[in-house]
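Just so you know, the protein sequences line up as chains A and B, in that order. For the first sequence, my numbering begins at 11 and goes up steadily by one. For the second sequence, my numbering begins at 11 and goes up steadily by one.
There could be a bad hint or two in this list.
If several chains are the same, the list does not tell them apart, and a pair holds so long as it fits within one copy or across any two.
No farther apart than 25 Å at their CA atoms in a straight line, the calculated lysine to any residue pairs in the SDA-like style are these [as the list claims (entries may be wrong)]:
no., residue 1, residue 2
1, Lys82, Asp226
2, Lys162, Tyr137
3, Lys82, Gln101
4, Lys83, Gly19
5, Lys61, Thr257
6, Lys83, Lys154
7, Lys190, Ser160
8, Lys212, Ser49
9, Lys12, Glu145
10, Lys83, Asn20
11, Lys223, Asp34
12, Lys154, Asp66
13, Lys154, Leu203
14, Lys123, Glu210
15, Lys208, Asn196
16, Lys223, Asp74
17, Lys120, Lys207
18, Lys241, Lys256
19, Lys223, Phe118
20, Lys211, Leu197
21, Lys154, Gln32
22, Lys154, Phe29
23, Lys190, Glu161
24, Lys241, Ile255
25, Lys211, Asp194
26, Lys82, Lys227
27, Lys256, Glu216
28, Lys208, Thr219
29, Lys190, Asp239
Bear in mind the hints are in silico, worked out from the structure with no lab data behind them. Here the structure is a predicted model, which means the values were calculated and not measured.
Number of protein chains: 2
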Amino acid sequence: MKINILGFGNVGQHLYRAFSLQKDVYIAQVYSRTKFKQSDPMIPFVHEISKIEPADVQIIALPDDVISDFSKKLSFTNQLVVHTSGSSSIQDIHNTRRKGVFYALQTFSKDIKIDFTSVPICIEGTYENDLKTLERLGRTISKKVIEINSEKRRKLHLAAVCVNNFANHLYDVSESYLNKHAIDFNLLHPLILETAKKIEKKIPREVQTGPAKRLDKNTIDSHLQLLKDNKTLSEIYTVMTNSIIKTHHN
Amino acid sequence: MKINILGFGNVGQHLYRAFSLQKDVYIAQVYSRTKFKQSDPMIPFVHEISKIEPADVQIIALPDDVISDFSKKLSFTNQLVVHTSGSSSIQDIHNTRRKGVFYALQTFSKDIKIDFTSVPICIEGTYENDLKTLERLGRTISKKVIEINSEKRRKLHLAAVCVNNFANHLYDVSESYLNKHAIDFNLLHPLILETAKKIEKKIPREVQTGPAKRLDKNTIDSHLQLLKDNKTLSEIYTVMTNSIIKTHHN
Chain A
11 MKINILGFGN VGQHLYRAFS LQKDVYIAQV YSRTKFKQSD PMIPFVHEIS
61 KIEPADVQII ALPDDVISDF SKKLSFTNQL VVHTSGSSSI QDIHNTRRKG
111 VFYALQTFSK DIKIDFTSVP ICIEGTYEND LKTLERLGRT ISKKVIEINS
161 EKRRKLHLAA VCVNNFANHL YDVSESYLNK HAIDFNLLHP LILETAKKIE
211 KKIPREVQTG PAKRLDKNTI DSHLQLLKDN KTLSEIYTVM TNSIIKTHHN
Chain B
11 MKINILGFGN VGQHLYRAFS LQKDVYIAQV YSRTKFKQSD PMIPFVHEIS
61 KIEPADVQII ALPDDVISDF SKKLSFTNQL VVHTSGSSSI QDIHNTRRKG
111 VFYALQTFSK DIKIDFTSVP ICIEGTYEND LKTLERLGRT ISKKVIEINS
161 EKRRKLHLAA VCVNNFANHL YDVSESYLNK HAIDFNLLHP LILETAKKIE
211 KKIPREVQTG PAKRLDKNTI DSHLQLLKDN KTLSEIYTVM TNSIIKTHHN
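Excised from the complex, chain A in its bound form:
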């Protein structure tokens, strides 16, 4: 299968890396507006949209707000063009009837390699044949390929923001807080990992613990007292605590 990767940011680079290891996938072109000073000479870069030549699948891996404009500039009218966004609709793709989505439900950071094997690939397509192509493409890198429409994908992406971006921000504010008091944040790593692993065995509601769950007002008050000069963290503490109490004691 011949593919083009259009965009070479976080998602584009991770997809490039994953597909370049698959013998059944041939990456024909990689579009990047930027010319990188140092980059792998093996990568078949093109830097102008007009130079993109049709492959079996063109994967747009660009920011949500440019998908629409970028796809309008593609000269294809009968090629499969997909984007990789969780929150954009399949309808954001233009200039082709053969629209699709190839959304990898994972968090991509620079310099951190991803094993795609267990990453859910959420696909969407207008035509049955294109869906089959996307499923086959997805299966080259992942065991889990599922069809999901734009509306549900948007909701899934919202939940992903909560468990990933918001959880990471909780780690961040905790790290800042401990740092300020000369306490080693790394001590929390085993706890963070166990919290994440636990819900593979039980649903989150069943394994909720802590002062809010126990309605332990002494501890809650003592924590808020510690946070009285920390507006950011005390706001988060209050909202999360109230929400846990409402969930478990209403």
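Dock chain B against chain A, hints included.
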């Protein structure tokens, strides 16, 4: 080393299990007010405080708010008595000069086994010799034993509440939301695990991603629109999003 475990809730049971596997530790007595109908006949239960006989270390594994009263009822005046609480002071222990703390920084749930090897054991003591005893005891189950005073332990516990209880609540509200829309929460497991693992390699601030980090107002608005009938989740969404924006764009 001879120890007593006083209290047989979540923490008591997990400590019992961990110490019972150590050849250098002998569990002399386990205090539990409740008589369990079905329980391991090997566990040396006592059900009356007056029947507790001194061991090298008495570990109180009871709710924070009863530590003080319970320790007053102990007849010891010269024995090492420690509690296992993150947020209680060492001074909550009475009737002995030899007070201490043995706080395992981990989340304990029923039916989920814990490998203590990497769990930080935070110890505190009044006397150097007692600290040595607690360190030796901690090392039988964990590679990581650190001395930390009550004030710092309270802050560590607060951070633990954020990364564990609050993160789990984020998983919970996401699960409820996806459930309501017939979307499989399990799809998020790889993302949740990756989010937790990532910060072992980089600090959380560096790996923050998502719409708030990118100041992607379209996606944020579209999420809040999706949540307009979900007061709980939209409050959490707003507070976390604002805090991420403040952290990364101020």
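Here is what the structure says about each hint:
no.	hint	verdict
1	Lys82 to Asp226	between (57 Å within a copy, 21 Å between copies)
2	Lys162 to Tyr137	within (18 Å within a copy, 60 Å between copies)
3	Lys82 to Gln101	within (12 Å within a copy, 70 Å between copies)
4	Lys83 to Gly19	within (19 Å within a copy, 64 Å between copies)
5	Lys61 to Thr257	neither (55 Å within a copy, 41 Å between copies)
6	Lys83 to Lys154	neither (32 Å within a copy, 58 Å between copies)
7	Lys190 to Ser160	between (43 Å within a copy, 17 Å between copies)
8	Lys212 to Ser49	between (44 Å within a copy, 23 Å between copies)
9	Lys12 to Glu145	within (14 Å within a copy, 60 Å between copies)
10	Lys83 to Asn20	within (22 Å within a copy, 61 Å between copies)
11	Lys223 to Asp34	neither (51 Å within a copy, 36 Å between copies)
12	Lys154 to Asp66	within (21 Å within a copy, 53 Å between copies)
13	Lys154 to Leu203	both (23 Å within a copy, 16 Å between copies)
14	Lys123 to Glu210	both (22 Å within a copy, 13 Å between copies)
15	Lys208 to Asn196	both (19 Å within a copy, 12 Å between copies)
16	Lys223 to Asp74	between (38 Å within a copy, 14 Å between copies)
17	Lys120 to Lys207	both (24 Å within a copy, 14 Å between copies)
18	Lys241 to Lys256	both (22 Å within a copy, 11 Å between copies)
19	Lys223 to Phe118	between (33 Å within a copy, 14 Å between copies)
20	Lys211 to Leu197	both (24 Å within a copy, 14 Å between copies)
21	Lys154 to Gln32	within (16 Å within a copy, 42 Å between copies)
22	Lys154 to Phe29	within (16 Å within a copy, 41 Å between copies)
23	Lys190 to Glu161	between (43 Å within a copy, 14 Å between copies)
24	Lys241 to Ile255	both (21 Å within a copy, 14 Å between copies)
25	Lys211 to Asp194	between (29 Å within a copy, 15 Å between copies)
26	Lys82 to Lys227	between (57 Å within a copy, 23 Å between copies)
27	Lys256 to Glu216	within (15 Å within a copy, 33 Å between copies)
28	Lys208 to Thr219	both (12 Å within a copy, 24 Å between copies)
29	Lys190 to Asp239	within (12 Å within a copy, 38 Å between copies)
Hint violations for this structure: numbers 5, 6, 11, all remaining hints satisfied.
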